[in-house]
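Respectively, the protein sequence lines represent chains A and B.
Here the first sequence stands for residues 1 to 183, numbered as in my numbering.
Here the second sequence stands for residues 1 to 172, numbered as in my numbering.
For the record, the hints were derived by calculation from the structure and aren't laboratory data.
Be careful, since some hints might not be right.
Stated by the list, open to error - Below are the PhoX-like pairs computed for lysine-lysine, each with C-alpha atoms no more than 20 Å apart in a straight line:
id, chain 1, residue 1, chain 2, residue 2
1, B, 159, A, 59
2, B, 72, A, 115
3, A, 59, B, 155
To be verified - If you anchor each label on the Cβ, the simulated ranges turn out as follows:
id, chain 1, residue 1, chain 2, residue 2, range
4, A, 183, B, 15, 49 to 55 Å
5, B, 170, A, 77, 43 to 49 Å
6, B, 108, A, 106, 31 to 37 Å
7, B, 160, A, 106, 44 to 50 Å
To be verified - Heads up, incomplete: computed chain B residues facing chain A, CB under 8 Å, no partners named:
id, residue
8, 93
9, 125
10, 147
11, 159
Keep in mind it's a predicted model, so treat the numbers as computed, not measured.
Virtual Cβ for every residue (Gly too), placed ideally from N, Cα, C.
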Amino acid sequence: SSWLPQMASFRGSHWQTSVLAFRASLPMRAQPKKKKKVDVKREQAQKDRMKKKIKKLEKAAAEMIPVEDFVTPFKYSDGSRVRSLPPLSFEETERRVLLLKKWAVFKQKQDEAEKKAIQTLVEAQQEALKELRLESEELYQAAIKRDKELFPFESDGPSYTPPLPGYDPPEGKCIDITKVYTQ
Amino acid sequence: DALLSCHRHYRSNPTHGIGRFKYLLPKQAPKKRKVQMKEINPGTEHEYGDLNIQVTSHDLCLVEHFAQYLHKLCNRLCLRVPESYAMPTKTHEVLFLEERGSKMQLDAVLTTHQRVVQVTGLSSTFAPIFLEVIQSSQPEGVHLLVKEHTEADFKSRLKSRPELEELLAQMN
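If we strip away everything but chain A, and leave its shape as in the complex, we get:
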């Protein structure tokens, strides 16, 4: 009858009891032992090779990323372009020298004021700590200990051009194009 050949094509071999359980039904005889030995040897060889590679790479000392600030760009190495300045008059040179001297005096005064400020701060602090010690020893010991919440300390500088209150900035994005160095 017509349904017999259809039944035969349904299963590949007479060992295949169901379509899904393929491996469990086919008996594997000599193969598994060979696979175990070869696998273990191969894996060990692979591991040894990787360890050798890692040792080789680790032997080479780590390199620091070069800082681009300290490398002059190639386009500035050309020495043919020279600036030609007009000669200065006597009054101009005198004015500049006197200005430099005034600037030096101003900076000196600024520096001295800073040193004096630091000194007064330290003296005032020492006096306050002395008085505190006379008041109570426990508070003094607690005051001398280091502050755990002091660091990390962050501060933005003074801003002479703060952002405008009613300004609507255009949309945009920032892409990081720093050169990544790999060893």
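Starting from the structure of chain A, add chain B where the hints point.
Positioned in the frame of chain A, the structure of chain B alone reads:
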């Protein structure tokens, strides 16, 4: 006499600079220093350990000058400065969206520079005064950050090794 007994020769003296010889020697290339992390000092009860003063800005000259000023200030206040180095520069491209259009237009290319001054042995009583002084002399546009030194900070200066990392990941 204080004037006659002074052993230093003045510049107008004919024998000035008579002992100089190092300028005649051939210039030696600087020796390659081994890149090894120094031990991080944790600090005691009354003293802070290794502190990193990181100064960041878009303006290179300003950041350099401020870092030099900080270094000189630490020298003057007898604070030990184990290291003073520069972090690699970061470059950012700023794009903005045009008013009438969907294309992003290049506005500017900004470079961020960072300098680090390491300080050790800062006493707990002097620390707030030091921070006050630094803050008061901070120029505009310069961002200041003071934090403790960690191994991660040191590792961020080294080049990345993707091959080594891959192999280590495979091993584990």
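#### Entry: Beta-carbon spacing of residue 183 of chain A to residue 15 of chain B - inside the hinted bounds 49 to 55 Å or not
holds, 53 Å
### Query
Between residue 170 of chain B and residue 77 of chain A, does the C-beta distance stay in 43 to 49 Å?
Because 44 Å falls inside the window, the suggested range holds.
### Message
Quick check on residue 147 of chain B please, does its C-beta sit within 8 Å of some C-beta on chain A?
### Response
At about 4 Å, which falls below the 8 Å cut-off, the nearest Cβ of chain A leaves the hint on residue 147 of chain B intact, so it holds.
### Task
Could you check the hint for me, namely that residue 160 of chain B and residue 106 of chain A are 44 to 50 Å apart, CB to CB?
About 48 Å separates the Cβ atoms of residue 160 of chain B and residue 106 of chain A, which means 44 to 50 Å holds.
#### Entry: residue 159 of chain B as an interface hint toward chain A, with CB separation required under 8 Å
Holds, about 4 Å.
### Query
Was the hint right that residue 93 of chain B lines chain A, CB cutoff 8 Å?
holds, 5 Å
### Query
Does the structure keep residue 59 of chain A and residue 155 of chain B at a Cα separation of 20 Å or less?
holds, 17 Å
### Query
Has the hinted range 31 to 37 Å been met by the Cβ atoms of residue 108 of chain B and residue 106 of chain A?
For residue 108 of chain B and residue 106 of chain A the Cβ distance comes to about 35 Å; the hint holds.
### Query
Within 20 Å, alpha carbon to alpha carbon, are residue 159 of chain B and residue 59 of chain A?
holds, 15 Å
### Query
Close enough to count: is the Cβ of residue 125 of chain B nearer than 8 Å to one in chain A?
holds, 6 Å
### Message
Checking one constraint from the list: CA of residue 72 of chain B to CA of residue 115 of chain A, max 20 Å. Satisfied?
### Response
With a Cα-Cα distance of about 13 Å, the restraint between residue 72 of chain B and residue 115 of chain A holds, given a limit of 20 Å.
The structure is consistent with each of the numbered hints, conforming to all of them.
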